[in-house]
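Protein chains: 2
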Amino acid sequence: MSNNKNEYVKEITNIEEDFAQWYTDVVLKAELADYTDVKGFIAIRPYGFAIWENIKNYMDAEFKKAGVTNLYMPVLIPESLLNKEEEHVEGFAPEVAWVTIGGEEELEEKLCIRPTSETMMSTMYSKWISSWRDLPLLGNQWCSVLRWEKETRPFLRSREFLWQEGHTIHETAEEAQKFTLRMLDVYADVIENLLAIPVLKGRKTEKEKFAGAEATYTVETLMHDGRALQAGTSHYFGQNFSKPFSIKFQNREGKEEYAYQTSWGATTRLIGAVIMAHGDNRGLKLPPRVAPIQAVIVPIAIHKEGVIEKAQELNEKLEKKFRMKIDLRDNYSTGFKFNDWEMRGVPVRIEIGPKDIENGEAVLVRRDTSEKEVVKLDKIEERLAELLEEIQKNMYNEAAKIRENRTTVAHTLDEILKNLEENQGYVKTMWCGNVECENKIKEVTGAHSRCIPFEQEHLADTCPVCGKKAEKMVVWGRQY
Amino acid sequence: MSNNKNEYVKEITNIEEDFAQWYTDVVLKAELADYTDVKGFIAIRPYGFAIWENIKNYMDAEFKKAGVTNLYMPVLIPESLLNKEEEHVEGFAPEVAWVTIGGEEELEEKLCIRPTSETMMSTMYSKWISSWRDLPLLGNQWCSVLRWEKETRPFLRSREFLWQEGHTIHETAEEAQKFTLRMLDVYADVIENLLAIPVLKGRKTEKEKFAGAEATYTVETLMHDGRALQAGTSHYFGQNFSKPFSIKFQNREGKEEYAYQTSWGATTRLIGAVIMAHGDNRGLKLPPRVAPIQAVIVPIAIHKEGVIEKAQELNEKLEKKFRMKIDLRDNYSTGFKFNDWEMRGVPVRIEIGPKDIENGEAVLVRRDTSEKEVVKLDKIEERLAELLEEIQKNMYNEAAKIRENRTTVAHTLDEILKNLEENQGYVKTMWCGNVECENKIKEVTGAHSRCIPFEQEHLADTCPVCGKKAEKMVVWGRQY
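Taken in sequence, the protein lines are chains A and B.
Quick note on my numbering: the first sequence kicks off at 5 and runs consecutively.
Quick note on my numbering: the second sequence kicks off at 5 and runs consecutively.
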């Protein structure tokens with residue numbers, strides 16, 4: 005069995021040697037996604053999609069609690085519409101795909117496949133509201149978007165990805181700003197409580213904000229290799245779109261006013277985040293709350309009388325409460341099966357063989373720590389529920405520990421570079437607020453500003469680049 | 005109030021005078037969808053989308069019970085891939101949209117936006133299976149597809165629509181055929197039990213079957229004006245795609261074999277079906293099981309002390325069990341509100357005013373029959389649950405009655421035409437099986453064959469067109 009295991013494990017690259025290749029190996033080997041005949045486009049396989057469904061269901065319920073309703077806008081956007089907001093078109097036009105032929109005829113105006121739907125939503129919203137009584141208008145859509153990236157990677161950066169895009173219209177700036185942050189909190193909740201990854205919350209710098217936004221807020225995460233991943237963003241637009249798109253309403257004073265707007269999005273990148281935050285040399289490691297299979301029963305000595313029956317009986321009991329799988333394949337060794345389910349990151353393996361049955365027991369094995377425990381069959385339901393919670397917490401704590409270990413403070417440009425070279429991770433510094441200093445840091449270290457964290461610290465009085473007075477703390481990191 | 009009502013109702017066209025215009029009026033007025041700046045593309049508004057979500061959730065759960073898993077394939081399909089199955093490309097190529105530019109560069113090979121994903125699914129499936137142990141492979145995706153229609157109509161025929169497309173691969177022809185029919189049964193269940201519309205189940209003729217299929221099965225529905233609507237189809241492909249796409253597996257005898265395939269789809273047309281099967285001169289009429297709002301509370305004399313509080317208290321109690329809405333708008337008359345919720349098809353209106361509160365009562369008003377009943381507040385939960393079931397059943401029965409009244413038998417071509425001119429609806433005839441006779445009927449009467457029903461009757465011995473021997477009964481109808 006241990007030989008078997010080594011052979012199997014050999015199939016993925018060592019995580020410390022080549023993280024990028026390890027990532028690709030896990031995506032393919034755990035059957036999360038596959039490459040397709042269309043360059044830069046992936047197929048999301050059922051196991052990967054089931055993770056997305058769990059994220060989506062959780063997130064959608066949170067949106068609905070906030071009064072958000074789903075809707076659906078056209079996938080195609082006319083060029084003239086995309087061009088309406090200046091910064092927005094500059095940001096997106098270079099990376100869109102254009103439809104030029106429809107039904108065998110050349111189109112009069114080319115249509116882009118949506119890279120995001122601010123322009124379309126704004127156009128429709130302007131038709132749908134007239135009075136403050138129609139507000140807030142809180143819409144969201146779950147769909148796919150296209151961005152013609154040059155370098156792609158499954159889930160992290162793909163020419164097509166799945167996401168939700170929320171677009172809301174409010175009566176006042178204050179209400180819109182508040183809603184922007186409420187949605188950021190939904191993302192933080194999903195990522196911390198479902199995906200077991202701690203987030204850093206803050207505001208993006210002017211340089212890093214969304215094309216057309218007045219302010220972009222972000223939840224940032226740190227991966228196993230110390231690189232940062234932007235996991236969700238929420239934008240406050242002010243009246244930047246409502247003016248060019250004429251989203252006007254009659255306010256409580258009876259006067260016409262341009263509305264205040266937000267948008268916010270999270271994508272299938274979150275699947276990439278789960279893989280890269282938690283995985284190890286045995287493959288994927290899924291937090292129980294998001295795992296498509298929370299526990300797998302692997303019967304031992306499957307051909308011995310009564311084993312399959314007992315395993316099935318246990319499965320039937322447990323699947324009422326948990327997302328279960330029972331592995332009855334007769335063409336693989338038990339060792340192969342163990343490795344296979346570990347590769348797929350199933351949080352708990354339940355082993356049950358003739359001896360266990362005799363003793364009225366089964367063995368529970370944790371994916372996160374490899375710890376085994378023997379549990380009486382009549383206690384297994386209760387124990388599994390506890391164990392899944394323990395695993396969820398432990399995985400969060402492990403990820404938080406990695407982040408803590410990878411977070412450093414720097415007071416000079418050299419120090420930022422040194423810290424990143426040694427440790428990657430987040431580097432905290434003060435910053436004067438000048439984009440030239442931000443550009444300099446990027447140029448020298450390859451790190452982008454992650455955000456200006458909501459939780460500020462006063463690390464020094466001056467900017468590490470220009471030496472001028474600095475009042476804001478910024479976190480920097482190399483990114484995916 | 006009655007004046008108010010008339011004014012409001014005037015805003016939609018009379019259903020008997022101009023059904024097509026009535027339909028468009030209801031779609032817009034009930035805020036189900038709206039036109040956009042992209043010709044032939046609609047925006048599905050929150051109220052319309054909520055109907056789709058209810059359909060989707062129900063259907064998706066049924067698919068999962070059958071072992072189907074969701075996945076996601078690229079939205080773009082290379083021209084060469086679309087061309088692989090001959091009949092398929094002939095069927096779809098004339099109505100696709102082509103992407104020719106990506107990221108500011110002309111593409112080497114043009115890519116179409118998926119009109120359906122048989123070609124992409126087949127390509128990926130061929131990579132994913134190798135043995136009979138990998139089968140069945142039961143995949144489905146919820147997505148949007150494009151077909152460059154010339155004449156469009158919200159929900160019924162749009163250049164873009166939402167749907168699910170299931171694609172499955174099986175070990176044997178028998179298993180695949182059985183699965184094709186099982187999925188047809190899911191559609192029948194959704195349409196009859198959720199949407200309260202009776203279906204006609206059968207097999208499409210060769211002329212009407214899906215491009216590339218060996219057999220297409222359909223669930224057909226009849227609308228208020230007697231026109232037919234194809235509401236869902238399930239296709240058995242045999243090996244028609246597995247051969248050109250090389251979907252091979254090692255069978256139980258150790259021999260390589262081409263797999264057997266199915267696909268099946270249902271779309272946002274179902275929203276159109278609900279509107280057209282049940283609506284009336286007061287607007288939309290929604291079956292309770294699919295209604296986004298099952299009951300709306302309209303407080304009477306809203307400014308009288310305690311009315312709002314009592315209405316809210318009732319709402320809080322009911323919303324634990326039902327999808328509720330409370331209308332506290334202070335800028336509309338009660339009459340306007342009644343009409344507004346009737347337009348939106350809410351199955352039950354609950355009126356509660358000062359007198360009702362004094363008597364510990366409320367008034368329940370059915371959307372389907374306009375019947376009113378006074379119910380004690382402590383019995384309202386129980387009564388509402390019953391009432392919603394009664395409405396659901398009654399709406400199904402009403403639709404079944406319309407269908408019965410609109411179903412006729414014909415023995416000659418003249419008779420088919422006469423029946424359609426008088427009555428529209430379904431016309432049953434015998435048929436020799438020859439496509440020329442089918443074409444003749446289409447040419448003379450404008451009716452397509454709906455299907456060869458599973459429940460056959462022997463109406464005569466000969467075909468009404470050629471007079472030759474006929475063993476099959478076919479149902480004809482003009483269609484949407």
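Source of the hints: derived by calculation from the structure; they are not laboratory data.
Please note that a few of the clues may not be correct.
No copy labels: a pair is met if it fits in one copy or bridges any two.
What the hints assert, rightly or not - Below 25 angstroms or equal to it, Euclidean Cα-Cα: the simulated SDA-like pairs (lysine to any residue) are:
{"id": "1", "residue 1": "Lys114", "residue 2": "Thr73"}
{"id": "2", "residue 1": "Lys422", "residue 2": "Ala215"}
{"id": "3", "residue 1": "Lys114", "residue 2": "Ser84"}
{"id": "4", "residue 1": "Lys329", "residue 2": "Arg137"}
{"id": "5", "residue 1": "Lys60", "residue 2": "Pro50"}
Given the structure is predicted, the values throughout are model-derived calculations rather than measurements.
Intra- versus inter-subunit Cα pairing at 25 angstroms for Lys60 with Pro50: Answer is both: 15 angstroms inside a copy and 18 angstroms across each meet the 25 angstroms cutoff.
Using 25 angstroms as the alpha carbon limit, work out where Lys329 and Arg137 are close: within a copy, between copies, both or neither. between (50 angstroms within a copy, 16 angstroms between copies)
Alpha-carbon proximity context of Lys422 and Ala215, limit 25 angstroms: Close neither inside one copy (32 angstroms) nor across copies (62 angstroms); limit 25 angstroms.
Can you tell me if Lys114 and Ser84 fall within 25 angstroms by alpha carbon in one copy, between copies, both or neither? The answer is both: 9 angstroms in one copy and 23 angstroms across copies each meet 25 angstroms.
Identical-chain pair category, Lys114 with Thr73, by Cα at 25 angstroms: Neither: 30 angstroms inside a copy, 36 angstroms across copies.
In this structure, the hints that do not hold are numbers 1 and 2, in rising order.
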